[in-house]
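Participant: Got chain A sorted already, so can you dock chain B onto it with the hints?
First to last, the sequence lines map onto chains A and B.
Take the working numbering: the last position of the first sequence gets the number 157, and nothing is skipped along the way.
Take the working numbering: the last position of the second sequence gets the number 105, and nothing is skipped along the way.
Rather than coming from a laboratory, the hints here were simulated on the basis of the structure.
Among these hints, one or two may not hold up.
What the hints assert, rightly or not - Chain A side only, calculated, beta carbon under 8 Å to chain B, not exhaustive:
hint : residue
1    : S19
2    : G81
3    : V117
Predicted, not measured: the structure shown is a model, and the values here were computed from it.
For every residue, glycine included, the Cβ atom is placed at its ideal position computed from N, Cα and C.
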Amino acid sequence: MTGLIQPAPVRRSIDVKVSQKRAFEVFTGSIGAWWPRSHHIGGAEMKSITIEPREGGRWFETGEDGVECDWGRVLVWDPFGRLVLAWQIDAQFRFDPALTTEVELSFTPVGERQTRVELEHRNLDRFGDKAEQIRGQIGAPGGWTKVLEDYAGYSAD
Amino acid sequence: MAYANAAFAALADPTRREVFERLAAGGKSVGELAQGLPVSRPAVSQHLKVLKEAGLVTQEAEGTRRVYHIDPNGLGALRAWLDQFWAQALEAFKAEAERQGEEGE
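Okay, chain B solo, but in the shape it has when bound:
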């Protein structure tokens, strides 16, 4: 599962992982998530923002509530992994290209 593991860079923070695990059990609002967590609602919102940017969770409006879910297709994790992977690969490419320089021209 090395491929999936690497998708979870956004989950390195233990509180964020806790938020994600709670969402894995079912959709929840920020208020519901904050209950029982030793952090403030704004902090929970901040964690959700990071998880959303990583493509790991999505947000839906249910009436006046905003409910967060983990990506139901599981593609978010894959996408997050690829995004991180290509960033790393391109950095490595740049380093090699600049190391080789214009030799061979």
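Bound conformation, chain A alone:
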């Protein structure tokens, strides 16, 4: 296909004033405490998020109604330096078992009780099917224009 764009991985880094071990523990064990509550996929309000501490473990949300919704799974569990998660949430923020993108976290000590946490979210081209739908909407009535109108309403909220 001409014009095919391979999107670069999203890379982000942040320095946290805790030890490497603590950073890893809070990232994984307390994810329900820090995850932006506006971003979840269950029908009910989000009660907690769980990353099962082992390779192959589940990564899921539990709603206030007790319903569990999968987000993905643990691909690499290597405390306290490295974690790779499968992010299986599609462009509509729904779980899609056929979609696997990878989120890799590395935790590197950069001083006493200071840790650099680097994140890479890769394989973004695998969102391609959904992106195809988005492309189909470009220029169509209700396509990008609608999205932009929605955005304008959203940012005005």
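Facilitator: Showing chain B alone in chain A's frame:
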């Protein structure tokens, strides 16, 4: 469409949104974009730079012209959204980690 909406942080500026909407209708050069807009060509270039950095538009050389398009695969918007999302999530993680501190050691 909340997911897509959040991709458009770069579009909060009305002129930039106008530039993006014009590109949605087809590829254009800076000069073509500037026609009919109440801003200078350098200002249009600046808006394009922001849109490019957000991954929302791409640029191709056609002869001596540089023509701008919106990302034909629609992945740019998704990528921009994820980039912004992870920045927000990591900030929230940092705040929680530093709030908890080294307790439990």
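Participant: Against chain B, with CB atoms and a cut of 8 Å, does the hint on V117 (chain A) hold up?
Facilitator: It holds, given that the least Cβ distance between V117 (chain A) and chain B is near 7 Å, below 8 Å.
Participant: When the nearest CB of chain B is found for G81 (chain A), is that gap smaller than 8 Å?
Facilitator: Result: violated, 16 Å to nearest chain B Cβ.
Participant: Does the nearest C-beta of chain B fall within a distance shorter than 8 Å of the C-beta of S19 (chain A)?
Facilitator: Holds: closest Cβ of chain B sits about 6 Å from S19 (chain A), inside 8 Å.
Checked against the numbered hints above, the structure breaks only hint 2 and satisfies the rest.
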